[in-house]
Amino acid sequence: MAVGLAAMIGAGVFVSLGAAADLAGPAVLAALLLAAVVALANATSTAQLAARYPTSGGSYVYGREQLGHGWGFLAGWCFVIGKTASCAAMAFVVAAYLVPEEAWRRPVAAGVVLLLTAVNLVGVTRTAALARVLVAVALGALLLTAGRLAAGVVTGPAIGADGAGEAGGAAEGDAVATGGTTATGLAAAVPGPLADVPDGTLGVVLAVLQAAAILFFAFAGYARVATLGEEVTAPRRTIPRAILLALGIVLALYVLLAVLLVLVGPAPDAAGWGPAPFVSALAAVGAGGGWTLVVTIGATAAAAGSLLALVAGVSRTMLSMAREGDLRRPLAAVSARFEVPWRAEVTVGALVVALVLLVPSALTAVAASSFGVLLYYAVANAAALTQRGDDRLFPRALQVVGLAGCVLLVAALPWPTLLAGLGVVATGILVRLLVRSRR
1 MAVGLAAMIG AGVFVSLGAA ADLAGPAVLA ALLLAAVVAL ANATSTAQLA
51 ARYPTSGGSY VYGREQLGHG WGFLAGWCFV IGKTASCAAM AFVVAAYLVP
101 EEAWRRPVAA GVVLLLTAVN LVGVTRTAAL ARVLVAVALG ALLLTAGRLA
151 AGVVTGPAIG ADGAGEAGGA AEGDAVATGG TTATGLAAAV PGPLADVPDG
201 TLGVVLAVLQ AAAILFFAFA GYARVATLGE EVTAPRRTIP RAILLALGIV
251 LALYVLLAVL LVLVGPAPDA AGWGPAPFVS ALAAVGAGGG WTLVVTIGAT
301 AAAAGSLLAL VAGVSRTMLS MAREGDLRRP LAAVSARFEV PWRAEVTVGA
351 LVVALVLLVP SALTAVAASS FGVLLYYAVA NAAALTQRGD DRLFPRALQV
401 VGLAGCVLLV AALPWPTLLA GLGVVATGIL VRLLVRSRR
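For the sequence shown, UniProt numbering begins at 1 and goes up steadily by one.
What the hints contain is simulated information worked out from the structure, not anything from laboratory work.
Since no wrong hints were added, every one of them can be taken at face value.
Label pairs and their in silico Cβ distance ranges:
| # | residue 1 | residue 2 | range |
| --- | --- | --- | --- |
| 1 | V407 | A118 | 35 to 41 Å |
| 2 | L419 | A333 | 32 to 38 Å |
| 3 | H69 | A151 | 54 to 60 Å |
| 4 | D391 | V154 | 46 to 52 Å |
| 5 | L422 | R132 | 34 to 40 Å |
Ideal placement from N, C-alpha and C gives every residue a C-beta, glycine not left out.
Using the sequences and the accompanying hints, generate a full structural model.
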């Protein structure tokens, strides 16, 4: 459960929620609930499949076993590509909060990746132990922030009361700009702005759907629990409980924070809330100084916890794909001492370091990841639909909702994102066909 919480909290609060609020305004609550419904349906599918197949690989294994090798590869490829980009995004966030000097952010981000990869190499119990610490710090900081925002909402905003609101918000906006860009919100970081929607009712619906697609990314961490199936005691009982408990806790936290963000009022910056919405929100209610430090500590802990869990999950999927020959077989090597896929761990760490040094920003990485995440869960829902008898733990209707929701949210993404995602998927399929034809 700690691994799942660590994976979700970092992405949702410090990257996705502010961008979704910029896009949908007060309707961000509707987008959050829509994303939560799709996530819940997907979580039941993942839990049901993980109970049947308690092995590393997640939906790569589920798709292969229930639908065939091609569908399994599609799920695994989408997971590896999407979540590797997510790792880079979380590393950017950690470095942006820790290092005010822009020139040092990329080296620090790369160092954070190497450090957390090293933790993963010494066993999943160490991963879970560190995840518990990081989750506790992040939750504490976020709950304190929520309390201060609630007090500010009750007593009334104090924008510019002593100059701290506007100045503090601007300073923090500069401090958390990632990857050498000052763009605020996903709309400034992806080709074809997310906010470029038509007027009227259709525009509102599309804005809510696009915001829900971004917010769904924030819930996606529960799959990390399923990828640890080989290393969990009593997986048929433990994995479904851990997934649903982690999702329930995160949903309650997200709803609380989203409501407070709406009650604080419009974003103090004309460009939007930016990648640190709660720093701006605290400034809007007249809280600065120590409260900014609280948010910074929480953001660093949450993003580091997310990165820790992401590296663990991607490496387990690579392990499973290597065992089946969809990736190079040497990646399937498991450490005799620590029982972790050490070659896959090292490979993931190296790929993330490369992305940290090359991609423009954290927000670009998040936007690129959403397409792959939704396709990955679409395959999981389709696989769960085919389960029968004792393997079925949840009603089939939930899997239908999950599959339809994933397809709908993918379709709502801007067309440049769709084209780029389809190009990456097609490249992976082509490479797989070439490798298998040579064999």
